[in-house]
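Novice: Given next are the chains, with one letter for each unit.
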Amino acid sequence: MCLAVPGKITHITGEEPLSRLATIDFSGIQKQVSLAYLPEAIINDYVVVHAGFAIALIDQEEAAETLKAFQELDEFEAGL
Amino acid sequence: MKFVDEYRNPTLAKHLLHNIQQITTQPWTLMEVCGGQTHSIIKHGIDQLLPDNINLIHGPGCPVCVTPLEYIDKALAIAQQKDVIFCSFGDMLRVPASHQDLLSIKAQGADIRTVYSPLDALKLAQENPNKQVVFFGVGFETTAPTVALTLYQAKQKKLKNFSVLACHVRVPPVMQALLSAEDNSVQGFLGAGHVCSIMGYHEYLPLAAQYKIPIVVTGFEPIDILQGLYFCIQQLESGQHYVENQYKRLVTEQGNQPAQQLLQQVFSIVDQKWRGLGEIPQSGLAISDEYADWNAEQRFSVSNINTQEPKNCRSGEILKGLLKPHDCPEFGKTCTPDHPLGATMVSSEGACAAYYHYRTHV
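One line per chain: the protein sequences are A and B, in this order. The opening position of the first sequence corresponds to residue 1 in our numbering, with each subsequent residue numbered one higher. The opening position of the second sequence corresponds to residue 1 in our numbering, with each subsequent residue numbered one higher.
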């Protein structure tokens with residue numbers, strides 16, 4: 001039920017924070033969702049969407065850090 | 001898909017599994033709280049790749065599963081009324097009430113619609129002023145804000161023909177209820193990542209301290225789950241217990257403030273009954289008095305419906321980790337996804353349903 005899918009904001013309409021809408025691109029599928037809970041979100045941000053709402057911004061630096069940590073470990077072990 | 005595929009990388013998964021094997025010196029029992037995590041674990045076979053002495057218990061974080069039978073009865077009572085359009089997420093439609101399910105009464109002529117978002121139900125209300133449109137609001141803190149904004153907009157627009165049958169539940173109280181039970185066997189938690197993207201993880205700090213238990217906020221892809229397990233086992237093996245955040249790309253300590261503010265405005269925290277677990281203090285979110293005009297229980301006078309759960313269902317023991325699905329005598333016999341006896345077989349995210357779909361050979 002708490003399934004949330006990542007996608008990229010391609011378009012935003014509306015001014016008032018609780019009624020802003022965003023078009024999200026999910027790898028080719030476009031869907032309009034509420035941006036009520038992400039007043040700071042801008043075009044090209046990645047968000048996760050649940051039940052028609054963008055609920056969280058994806059922190060791309062943190063996402064890269066998680067994967068980089070593994071890569072560095074692999075390189076370290078390969079050098080042993 | 002970006003932010004999905006890279007977290008399903010088999011090389012990284014092997015690496016993490018190797019690390020888990022290296023650090024595990026004794027048996028540990030861990031619980032993944034969220035049904036989405038359970039589904040991912042069973043689907044990808046993660047539990048079968050872990051060391052034998054790591055026991056995973058599949059937690060109560062499946063809202064469809066834990067919605068009490070009486071709410072399904074209330075849903076049916078409302079949906080069968082004249083001039084009602086009853087809207088729900090798809091996975092609630094198959095859940096049997098005492099006698100029938102929503103899909104059966106749809107077949108008999110009731111106007112029941114599956115919607116993707118509660119906002120779709122609100123739109124239906126605007127388009128059908130001569131009908132009463134009711135949305136069945138179930139779900140944890142991830143879903144409750146979507147219903148909160150819908151109710152907020154209904155009030156703003158002064159919509160008289162829209163209401164919500166709400167049965168929303170909170171994660172921290174059920175974790176506390178499990179931990180404080182005498183027969184608790186959980187030694188570490190994988191916290192529900194998307195719930196925490198809304199609520200943050202500050203609510204878990206006192207739980208980790210009081211019960212001396214590691215809580216690792218964890219995502220849903222295989223790499224997330226393996227890393228969450230690794231962090232959790234690492235804490236257990238070194239005698240530590242604190243809240244750790246594996247899902248940093250989405251979750252902060254304080255969570256989503258606008259969503260929390262609207263939750264507080266629209267809902268009140270109440271004691272709530274859970275299917276399979278009974279009543280848990282402070283574990284529910286009920287529509288607040290300020291929004292009472294949009295509360296379907298009051299509009300349709302169904303508050304007095306009170307249903308008892310079937311006695312032969314042992315989902316309570318499964319949710320506490322005292323019984324594995326295939327050890328239940330009813331599993332796959334009198335209890336199947338088409339005819340579920342109770343909580344854990346009801347939704348595809350429930351532990352029994354996940355075992356039934358992916359492990360029918362056991």
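Careful: at least some of the hints might be erroneous.
[As the list claims (entries may be wrong)] Simulated crosslink set (DSSO-like; lysine-lysine; CA at most 30 Å straight-line):
1. Lys8/A x Lys123/B
2. Lys248/B x Lys31/A
3. Lys31/A x Lys160/B
4. Lys8/A x Lys160/B
5. Lys31/A x Lys123/B
6. Lys2/B x Lys31/A
7. Lys82/B x Lys68/A
8. Lys106/B x Lys8/A
9. Lys43/B x Lys14/B
10. Lys31/A x Lys155/B
11. Lys43/B x Lys8/A
12. Lys311/B x Lys333/B
Keep in mind that the hints were calculated from the coordinates and are not lab data. None of these values were measured; they are calculated from a predicted model.
Novice: All hints are to be evaluated individually against the structure, with a verdict given for each.
Specialist: Hint check results:
no. : hint                : verdict
1   : Lys8/A x Lys123/B   : 25 Å, holds
2   : Lys248/B x Lys31/A  : 26 Å, holds
3   : Lys31/A x Lys160/B  : 29 Å, holds
4   : Lys8/A x Lys160/B   : 36 Å, violated
5   : Lys31/A x Lys123/B  : 16 Å, holds
6   : Lys2/B x Lys31/A    : 16 Å, holds
7   : Lys82/B x Lys68/A   : 59 Å, violated
8   : Lys106/B x Lys8/A   : 37 Å, violated
9   : Lys43/B x Lys14/B   : 17 Å, holds
10  : Lys31/A x Lys155/B  : 26 Å, holds
11  : Lys43/B x Lys8/A    : 27 Å, holds
12  : Lys311/B x Lys333/B : 16 Å, holds
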